[in-house]
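Visitor: Chain residues, written in single-letter form:
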Amino acid sequence: DSGVTQTPKHLITATGQRVTLRCSPRSGDLSVYWYQQSLDQGLQFLIQYYNGEERAKGNILERFSAQQFPDLHSELNLSSLELGDSALYFCASSVGPTGGYEQYFGPGTRLTVT
Amino acid sequence: GENVEQHPSTLSVQEGDSAVIKCTYSDSASNYFPWYKQELGKGPQLIIDIRSNVGEKKDQRIAVTLNKTAKHFSLHITETQPEDSAVYFCAARTGGGADGLTFGKGTHLIIQP
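One line per chain: the protein sequences are A and B, in this order.
If you count by the numbering used here, then the first sequence holds residues 1 to 114, one letter each, in order.
If you count by the numbering used here, then the second sequence holds residues 1 to 113, one letter each, in order.
I should point out that these hints are in silico values taken from the structure, not numbers from a laboratory.
Please note that the accuracy of each hint is not assured.
Derived CB-CB ranges, DEER-like [claimed, not checked]:
#1 A:83 x B:54: 22 to 32 Å
#2 B:28 x A:28: 30 to 40 Å
#3 B:67 x A:16: 42 to 52 Å
Distance condition first, Cα-Cα at most 30 Å in a straight line; then the derived DSSO-like pairs of lysine-lysine [claimed, not checked]:
#4 A:9 x B:57
#5 B:68 x A:57
#6 B:57 x B:22
Computed from a predicted structure; not experimentally measured.
Here a beta-carbon is modelled for each residue, glycine too, at the ideal position from N, C-alpha and C.
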């Protein structure tokens with residue numbers, strides 16, 4: 001158990017809908033990273049927050065957004081969902097502000113768009 | 001941006017033998033290289049990492065080597081056990097504007113009894 005929690009575990013929704021995924025980092029960690037894992041694209045970095053501020057952006061679509069709250073939990077919002085958004089979404093947390101610190105992954109949220 | 005290539009995609013070894021997984025990276029500015037193990041239905045688990053100022057690191061049966069000149073790094077697992085069966089991912093961190101990890105495509109390691 002990494003200490004990172006994610007809810008929900010599974011999410012099934014229809015195209016065009018909007019969903020919110022939630023992540024709580026390990027105690028003491030200030031950074032939260034979001035990754036998408038799919039069969040064709042593999043594991044891809046989406047976005048990072050550090051202590052409430054956006055810190056780095058990867059391959060995140062404009063339809064996707066995230067935020068980190070004062071209690072350090074983070075939410076990833078996915079809107080106008082398409083079939084191709086079906087994937088596993090992981091968050092990871094680390095203690096420091098940059099990617100050079102150890103990142104610990106949560107168990108993931110499996111999103112199915114029908 | 002960074003590109004990480006990982007080989008092989010599948011590796012089958014006899015229990016007790018050694019396994020080696022290799023990765024190459026493209027950006028010479030990359031300075032942090034973690035390895036993750038992912039079991040079915042679970043999130044990636046950090047098993048070992050190495051930074052660019054170090055050539056080798058060991059933790060019990062697991063070791064990682066880094067060759068900065070050739071831009072490749074490898075994971076070595078000795079005395080493999082059934083519980084080592086999983087998908088292993090290498091990753092690299094470059095920094096700059098996109099400071100997340102860039103992952104390889106993964107290696108499915110199968111330990112044959």
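Visitor: Decide, hint by hint, whether the structure agrees.
Guide: The hints, checked one at a time:
1. Checked against the given bound of 22 to 32 Å, the beta carbons of residue 83 of chain A and residue 54 of chain B, roughly 44 Å apart, lie outside it.
2. With their beta carbons about 33 Å apart, residue 28 of chain B and residue 28 of chain A fall inside the hinted range of 30 to 40 Å.
3. For residue 67 of chain B and residue 16 of chain A, the Cβ-Cβ distance of about 49 Å falls inside the hinted range of 42 to 52 Å, so the restraint holds.
4. With a C-alpha separation of about 35 Å, the suggested pairing of residue 9 of chain A with residue 57 of chain B is violated against the 30 Å cut-off.
5. Distance restraint check for residue 68 of chain B and residue 57 of chain A: the Cα-Cα separation of roughly 26 Å lies within the 30 Å cut-off, and the hinted pair is therefore satisfied.
6. At most 30 Å may separate the alpha-carbon atoms for a hinted pair to count; residue 57 of chain B and residue 22 of chain B meet this at roughly 15 Å.
The structure is inconsistent with the numbered hints 1 and 4, although it conforms to all the rest.
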